[in-house]
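Protein chains in written order, with the working numbering: chain U, 1 to 199; chain D, 1 to 199.
Bear in mind the hints are in silico, worked out from the structure with no lab data behind them.
Accuracy of the hints is not assured; some may be wrong.
Dumping the calculated BS3-like pairs for lysine-lysine here, alpha-carbon to alpha-carbon at most 25 Å [unchecked claim]:
#	chain 1	residue 1	chain 2	residue 2
1	U	K149	D	K161
2	U	K145	D	K161
3	U	K161	D	K161
4	U	K161	D	K34
Computed list of chain D residues with no C-beta within reach of chain U, every gap over 12 Å [as the list claims (entries may be wrong)]:
#	residue
5	M1
6	S46
7	N53
8	I80
9	A125
10	K145
11	V189
12	E190
Heads up, the beta-carbon is just placed ideally off N, CA and C, and yes, glycines get one too.
Protein chains: 2
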Amino acid sequence: MNTIITIAREYGSGGRIIGQRLAEALGYEFFDRKLIEMAAEKMGFSEEYVRENEEVKNFSFISNFYSIPGELPVSDQIFIAESNAIREAAEKGNCVIVGRCADYVLKDHPGCLNIFIHAPIEDRARRVFEEYDEDAPNIQVHIQKVDKKRASYYNYMTQQKWGQAENYDLCINSSLGIDLTVNMIRAAVEEFQKKIQEE
Amino acid sequence: MNTIITIAREYGSGGRIIGQRLAEALGYEFFDRKLIEMAAEKMGFSEEYVRENEEVKNFSFISNFYSIPGELPVSDQIFIAESNAIREAAEKGNCVIVGRCADYVLKDHPGCLNIFIHAPIEDRARRVFEEYDEDAPNIQVHIQKVDKKRASYYNYMTQQKWGQAENYDLCINSSLGIDLTVNMIRAAVEEFQKKIQEE
Chain U
1 MNTIITIARE YGSGGRIIGQ RLAEALGYEF FDRKLIEMAA EKMGFSEEYV RENEEVKNFS
61 FISNFYSIPG ELPVSDQIFI AESNAIREAA EKGNCVIVGR CADYVLKDHP GCLNIFIHAP
121 IEDRARRVFE EYDEDAPNIQ VHIQKVDKKR ASYYNYMTQQ KWGQAENYDL CINSSLGIDL
181 TVNMIRAAVE EFQKKIQEE
Chain D
1 MNTIITIARE YGSGGRIIGQ RLAEALGYEF FDRKLIEMAA EKMGFSEEYV RENEEVKNFS
61 FISNFYSIPG ELPVSDQIFI AESNAIREAA EKGNCVIVGR CADYVLKDHP GCLNIFIHAP
121 IEDRARRVFE EYDEDAPNIQ VHIQKVDKKR ASYYNYMTQQ KWGQAENYDL CINSSLGIDL
181 TVNMIRAAVE EFQKKIQEE
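All chains, please: the whole structure from these sequences, using the hints.
Have a look at this one:
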């Protein structure tokens with residue numbers, strides 16, 4: 001059975017780089033923007049169009065991911081396409097998937113380990129400023145806005161609470177250190193694989 | 001500076017045994033029921049009386065832990081006594097403290113690493129049945145009741161949300177394994193101590 005690591009993350013917590021390093025360390029495929037491209041390609045939309053319309057909340061709950069495309073709002077269609085891309089990725093091989101409610105999309109997949117990365121707002125503001133090269137007038141307000149959007153999208157699509165510990169196997173304050181975070185997830189993956197093989 | 005590990009835990013998640021093993025592995029003091037005894041002793045109450053009246057929500061928020069005892073409801077007085085005992089423990093040496101909102105009581109302590117242990121309800125029901133030797137008619141309902149009490153006490157006393165990842169440095173699903181959980185926290189402690197020494 002394939003092992004899938006899903007990473008949800010607060011904006012500026014370093015979740016994406018943690019996912020990337022983890023994938024490298026484990027020799028797994030890494031999916032992030034690539035997923036959007038795959039989804040966009042399948043739907044005949046441009047990548048930019050998908051990027052603008054994904055992770056936008058609509059007011060019709062998707063109870064069936066396999067509804068016929070064309071009958072739903074664009075952001076729901078994109079969610080369906082991305083969900084299908086996530087399932088395909090999970091079937092192909094071991095991988096790390098960042099964002100896009102992958103924990104929820106794969107919730108019935110027994111080889112799935114779900115991670116949430118967070119950090120105090122001050123540390124995230126520093127990271128966004130230093131590493132992402134972003135300099136909004138009030139960077140903390142900007143971060144909170146991005147998080148609010150992610151949370152509201154996740155809560156709406158999954159009917160769960162973004163950032164609630166019980167949704168994930170491991171939640172880590174990445175201010176403990178990026179290396180430590182990667183190492184801890186790696187240790188969890190090894191133990192998790194042992195457990196799966198025993199069952 | 002002393003290192004203090006606080007452990008909050010869902011009922012039946014094994015948080016207490018994880019705390020105990022961690023304390024042994026690190027050579028730290030372990031505080032759990034002992035804290036109640038210390039608090040009870042100081043207040044002249046019997047241990048049983050404290051146990052019955054602690055972690056019970058009252059409808060007056062304690063804005064000052066150092067209010068004069070005798071003027072507050074018993075459960076608030078016990079919270080104050082326990083908070084003082086927690087601060088004393090943190091001043092004496094490295095330690096692991098389970099429960100009693102220790103993460104909140106020590107929130108301004110720079111040597112504090114806050115952990116939350118949780119697990120799926122089915123696994124907790126199994127643990128409560130097998131290891132705690134408890135067999136309520138409907139064990140899952142019983143577990144949910146205990147958790148509800150813990151959450152409501154924590155939320156009331158701290159004005160934070162129990163089980164919300166951002167309150168803690170590390171949240172672990174203990175179904176990954178008790179040993180792994182202990183090892184991961186230990187790795188986090190080592191990294192955390194390096195970080196403190198650098199500052």
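Here's how the hints hold up against the structure:
Under the criterion of a C-alpha separation no larger than 25 Å, the hint pairing U:K149 with D:K161 is consistent with the structure, at around 20 Å. For the suggested pair U:K145 and D:K161, the alpha carbons sit about 20 Å apart, so the restraint of at most 25 Å is met. Distance hint between U:K161 and D:K161 is fulfilled; the C-alpha atoms sit about 12 Å from each other, no more than 25 Å. For a cut-off of 25 Å, the pair hint linking U:K161 to D:K34 is broken: about 35 Å separates their Cα positions.
Once the 12 Å rule is applied to beta carbons, D:M1 is consistent with being away from chain U; the minimum gap is 16 Å. Every CB of chain U is more than 12 Å from the CB of D:S46 (nearest about 35 Å), matching its label as outside the interface. Every CB of chain U lies more than 12 Å from the CB of D:N53, the least distance being 28 Å, so the non-interface label holds. The non-interface label for D:I80 is consistent with chain U: the shortest C-beta to C-beta separation is roughly 28 Å, beyond 12 Å.
With a minimum CB-CB distance of about 15 Å to chain U, D:A125 clears the 12 Å threshold, and the non-interface call stands. The non-interface label for D:K145 is consistent with chain U: the shortest C-beta to C-beta separation is roughly 17 Å, beyond 12 Å. The beta carbon of D:V189 is not kept farther than 12 Å from every beta carbon of chain U, the shortest such distance being approximately 10 Å. Not every beta carbon of chain U lies more than 12 Å from that of D:E190, the smallest distance being close to 9 Å; the non-interface claim is violated.
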